[in-house]
Amino acid sequence: MMISRCPQFCVVGHPNQGKSSIVSTLVENDSVRIGVESGTTEQAERFEFRLQDKIVLALTDTPGFQRARQVLAWLEQEAVAPADRPARIRAFLAEPAHQQQFPDECRLLEPIMAGSGILYVTDATNEVSRADEAEMEILRWTGQPRMALINPISDTNKADSWQATLSQFFQWVRLFNPMTASLASRQALFKAMAELTPEWTADLTLLSQQLAARDQQRLVDVSLQLAEYWCQQVSRREPLLKLPPLLTDSPERYLQQQLDQAELQLFQQLATQWGHRQTELQRDIDWELDHDQLMNTETWYLWGLQQKELLVVSGGAGMAAGAMLDMGLAGSSMMMGALTGGVLGTAGGWLASKQLPGKRLGWLPLSGKKSYVGPVKHPNFPLVVMARALTFTQLLWLRPHAERSRLALTAKASDWPRAEQVRLLQWAKQLQNEQWKARQQQELTDWISQGLQQRLQAAVQQEQQQSFL
Amino acid sequence: MPFLQRQAGLEPPLPWWRWPLAMLAGMLLGAGALNYSADGRINVLLVWLLWAGLPFLGSLVSLAWLFRPAKPWLSRFSGQSTFWQPNARQLWWLLSQLQWLWVWFALGIVLVYLLLLLLSDLAFGWSSTLLLHGDVLAGVMQWLSLPWKYFWPAAVPDTAMIELTRFARIEAAETSLQQASGWWPFLLASLVCYNLLPRLGLALFCRWRWRSLQRQQLQLTMPDSQVSTKAATTDVMPIASLDQWQDAPVVSWQLAAANSGMQLGVQDWQQDQQQWQACLADKPKRLLWRVPASRSPVAELADWIQQARQHQIEQAIWLQTDAQTVPERHIASWQAFARQHELVWIRN
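Read top to bottom, the protein sequences are chains X and R. Under this note's numbering, think of the first position of the first sequence as 28, with each following residue one higher. Under this note's numbering, think of the first position of the second sequence as 270, with each following residue one higher.
No wet-lab data here; the hints were simulated from the structure. Incorrect hints may have been included.
[Unchecked claim] Dumping the calculated DSS-like pairs for lysine-lysine here, alpha-carbon to alpha-carbon at most 27 Å:
| # | chain 1 | residue 1 | chain 2 | residue 2 |
| --- | --- | --- | --- | --- |
| 1 | X | Lys185 | X | Lys218 |
| 2 | X | Lys397 | X | Lys456 |
| 3 | X | Lys404 | X | Lys335 |
| 4 | R | Lys340 | X | Lys456 |
| 5 | X | Lys269 | X | Lys397 |
| 6 | X | Lys335 | R | Lys340 |
| 7 | X | Lys464 | R | Lys340 |
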């Protein structure tokens with residue numbers, strides 16, 4: 028038996044049994060081609076998990092057996108001892124004509140004979156046929172570590188008879204649903220794969236641990252992202268001067284567009300990060316904007332500074348000028364120049380901030396008015412933003428990569444406990460009143476993280492019994 | 270770059286001009302600190318404080334900061350929103366960038382110092398109201414010089430030089446150039462050991478921490494996405510009713526319970542091959558393939574269909590559905606198979 032150093036598995040079986048779905052879910056990438064029709068996978072494709080530049084798992088998706096009985100007939104033409112069966116397989120592969128005559132079987136047997144293990148997939152919908160038996164027998168002849176997966180695509184009332192048959196050919200038989208499998212299910216499968224041969228136990232155990240660590244890190248990262256996104260949406264305001272010409276008369280609509288766009292970008296960003304590049308979203312937008320309170324005006328100074336900023340900038344400029352004077356006096360002024368400059372600069376800034384809008388100092392405008400649309404002050408708005416973001420994140424997190432349907436987003440914050448709603452609204456108020464500090468940001472991030480964790484745990488507990496036995 | 274336009278997890282971009290700006294700032298500070306006092310001396314103690322003492326304190330504060338790292342001020346220049354919080358890897362990357370900024374700052378001071386040493390005369394001295402004798406200062410200098418004492422003894426100020434280079438405003442000092450410039454090795458060594466090296470160490474540590482977090486990330490490599498080379502079939506599939514094919518011999522494929530006609534796919538290959546060859550030898554004009562909908566078509570069947578076509582036999586396919594048949598999966602597969610092999614589709 029030839030075992031490769033790093034764990035490698037070929038996913039084989041009859042066409043249209045869900046091999047590519049299983050690969051897509053295990054490698055967490057929805058760009059693995061999956062089709063409802065058989066024959067979607069035409070070539071063998073290899074997917075590798077790497078950690079610190081080392082391959083910890085490789086999966087090869089294959090088109091599946093096409094001429095299993097013919098191949099078995101060729102193998103059985105000569106009587107061989109069981110120990111010589113792998114050599115007979117190699118002889119089959121070595122025949123020049125077979126690459127053309129049996130291309131699919133050659134593509135799936137070559138990596139197996141190079142040291143890959145075998146994951147045999149069946150949907151157990153029909154009775155075991157002669158072709159199925161031929162496939163299993165060929166795989167047994169390879170002598171490689173092998174396990175079988177029953178993929179419950181449809182009614183699996185024949186799973187028991189399949190299990191009894193599969194047990195004669197494979198070391199392990201497992202039920203695995205790639206359309207519902209959570210991380211826990213995948214980890215359990217990796218654990219079973221790790222037990223096929225001792226050479227692979229360490230790497231596959233490490234992979235399982237790394238996936239858990241990766242998920243923990245993902246929770247931290249997405250909490251930071253959601254906190255940032257929520258803060259931006261709640262405090263979002265758009266200057267009227269920047270409105271597109273067509274929307275000058277409807278600034279509310281522009282604000283709505285910006286809110287929509289921000290949400291869509293967040294969702295797309297998360298989907299791309301988590302390997303759901305092909306996922307289509309279905310969103311029903313219902314921002315409650317409270318149009319009466321959307322328009323705001325504030326005063327700016329000099330080059331668009333707020334009063335506080337003006338004091339800081341003018342104080343800093345004064346201090347810098349004073350410091351230059353100190354340097355010129357070679358330190359004999361004992362830094363009094365910088366100190367005096369800072370005080371004078373700040374005082375000057377304060378005086379300038381007291382000027383009425385429109386006042387100029389020569390050509391330099393001292394102050395003016397700037398109008399904005401936003402932020403949205405409707406009391407439901409912060410709750411809606413957060414509910415939608417959390418719900419989408421949860422749906423996406425739990426979505427297996429084999430799933431190809433549209434992701435529909437509907438969310439309600441009214442199901443939240445009142446205390447949570449109040450807390451979120453308090454944060455929103457602090458944000459909009461510019462009283463937001465790093466401490467609150469951290470509290471918000473922790474709140475999101477805890478909320479997500481609870482939702483995910485509840486969903487995983489519900490799923491565990493369905494997809495993996 | 271707004272957060273929504275960046276890929277989270279990547280390090281945020283910082284402006285390229287931060288390095289030359291840091292170096293320029295260091296050069297300005299270095300040149301500014303070497304100003305002569307009114308007495309014609311450069312106060313070495315003040316320069317040491319600016320170049321080594323305060324930066325060393327800053328390095329210690331930075332080191333303490335690393336135990337509970339928070340978002341550094343440098344992140345304001347990364348184009349991120351006010352509410353952006355870096356994850357662990359990004360945080361250590363920012364911290365390493367901050368330390369490298371200080372390294373460049375120190376290098377700026379070193380560069381301008383070396384230039385001025387080469388191109389001008391620098392006369393150092395020291396002045397103090399509280400230190401009446403040079404002995405105390407000599408002791409302090411011995412301690413400060415510990416890092417390089419054994420590698421560069423000339424950079425350790427001795428008592429004689431300390432006594433000779435003291436100056437006061439009300440007393441005219443007579444000091445030779447050699448004595449006055451004797452402080453330069455000490456200043457250079459202090460600059461390197463108390464400013465540059467600590468920051469370099471911190472920068473390397475932060476970078477190591479960042480790289481180790483990067484390496485711990487699980488990565489997936491996969492083949493480039495390939496466009497399917499199978500041409501989309503646009504041919505209309507001929508459809509017929511079963512009545513039109515009643516006279517055709519029926520060949521059942523993988524249907525174990527078939528009552529009539531030839532059965533293929535349920536026995537060994539050799540037995541099937543014999544049956545098939547016998548069937549071809551009869552030279553039928555047409556063949557009706559009866560297939561189970563819930564089993565996928567395979568190339569084994571396609572090979573026989575191809576052989577029959579080579580014998581000019583017209584063929585049709587008749588799908589047998591059951592409770593397990595899923596139309597969009599099973600029937601669609603067989604219809605695609607029928608189109609590919611130019612089979613007539615029997616309407617149920």
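Q: Any hints from earlier that this structure breaks? Give me their numbers in increasing order, please.
A: none
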